[in-house]
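*Asks:* Letter by letter, the chains look like this.
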Amino acid sequence: MSRRKRMNVEYVEPELPITPMLDMSFQLLAFFIMTFRPAATEGQIAMSLPPPDLGGPSTNIPSITEDKPQKWIAKITATEAGKIANINLREDGAAATEGEDLGADPKTFLKRVQGYADAEKKRIEAAKAKGQIIPPPKLTLEIGEKLLQAHVIQMFDASVQAGFSDIAPVPIDKAKR
Amino acid sequence: MSQSNTEKCEPNLTPLLDLVLQLVMFFMLVTNFVMEQTSAEITLPSANAAKSLDKGANEIIFLNINAKGQVLLTGDEPLDNPVQVEGYLKRLAAIEMKKTGKDKPLGTLILRIDEKTPFEKSYPIMRACRQANYTKVELRAIRGED
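Same order as they appear, the protein sequences are chains A and B.
Per the working numbering, residue 1 is the first one in the first sequence, and the count goes up by one each step.
Per the working numbering, residue 1 is the first one in the second sequence, and the count goes up by one each step.
Bound-form chain B, shown alone:
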């Protein structure tokens, strides 16, 4: 009487587990849950000539401006008028100048203005940036392909 030896055929799951964990690590690293500097409420216009951020730039400050002309702040009430914006920027400038010891803020202000914001609402904010002595002010856009 022959005895049949049944061998269990089990696939090797260890390499599969390794690969799955690699994928999980990848997605964990690229997922950004908290967007501190940018706001999802702002829809940016597109521009072909928009350049990438200069990595050697000094402190970068993002200002998110919605279609009503309000400056959105994380965890705080939005700033409604240019006087408030100027006050806020002057405080930031004072902190930076105290840190750097310079007499002018060297940081770059990047304005993320919603595409539906009329110029009459955005220009006073641009002016407030200049009144706060910031010389480097840039407009943010989505780098488009024509």
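With the rest of the complex left out, here is chain A:
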């Protein structure tokens, strides 16, 4: 009987050098941490713009059964530096001299128009209960040409917070509209 030679087999365990891999991962991590810049959250505010100059009569025939929306006009004059000089609020159809001067603070404007918007909201709800349709109130911002965008946005912000959804920006100078 032959003896089987038992061959001594050495089992070699493969060793993976993890340390250099870890070093590289830390390098990548450091790179991405240093280049990471969280972006500020952005949002948008909708606005209404006048219809394009198409010429000819308007094809939009107003409905005789629909009540007219309440319209206000806020005239915002600007200083030479581009800040708000004064805010004048009046109802559509009233003369510019009949408007109410609210100063240069958009918060004062917000408090004033919020009352009007709330009253209009109640009117719309009461009409809706009777089956009548009243479009939402409109606010036109007549803006001085030097007013900076930061302050334009402040006025839009105040208008939206007051409850207006139909806000139209136009220049004070009618020739430039």
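No lab work stands behind these hints, which were simulated from the structure alone.
Each hint should be verified, as a subset may be incorrect.
[Said to hold, decoys possible] Below, simulated PhoX-like cross-link-like pairs (lysine-lysine); rule was C-alpha separation at most 20 Å, straight line:
{"no.": "1", "chain 1": "A", "residue 1": "Lys146", "chain 2": "B", "residue 2": "Lys116"}
{"no.": "2", "chain 1": "B", "residue 1": "Lys121", "chain 2": "A", "residue 2": "Lys176"}
{"no.": "3", "chain 1": "B", "residue 1": "Lys68", "chain 2": "A", "residue 2": "Lys83"}
{"no.": "4", "chain 1": "A", "residue 1": "Lys138", "chain 2": "A", "residue 2": "Lys121"}
Mind docking chain B on chain A? Use the hints.
*Replies:* The following block gives chain B in isolation, referenced to the frame of chain A:
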């Protein structure tokens, strides 16, 4: 004579490597190297009432407007006057209408106007947007906390 068996004490690096790779993956996913639609040159004003983007909105087009009233385009010369802007928007509108088969562009125009842009520079661009038949035009702002 006693023989001391010295055992090597090696920490287990595999879980540490897993964790580090998880962090690397996270940062790779959130890092945005190319900002196609927004421009870092524009400093936006802040507004509390600014709303987040409507996810169900049709095609969204961003227009970046700097303090000089120029519309910045990626990889192209900026548009200097409202006539150029109107032409550019009409081309975009034509492409969209051809795609959708509608007679009006349904996309939303989002204007990213620098906070130092005077209204006399930004209003002609707003007007050009309307002249190009876009009905949904919105102003972009940073959502602030008062």
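*Asks:* Against this structure, judge whether each hint is valid.
*Replies:* Against the structure, the hints come out as follows:
{"no.": "1", "hint": "A:Lys146 with B:Lys116", "verdict": "holds, 10 Å"}
{"no.": "2", "hint": "B:Lys121 with A:Lys176", "verdict": "holds, 12 Å"}
{"no.": "3", "hint": "B:Lys68 with A:Lys83", "verdict": "holds, 17 Å"}
{"no.": "4", "hint": "A:Lys138 with A:Lys121", "verdict": "holds, 12 Å"}
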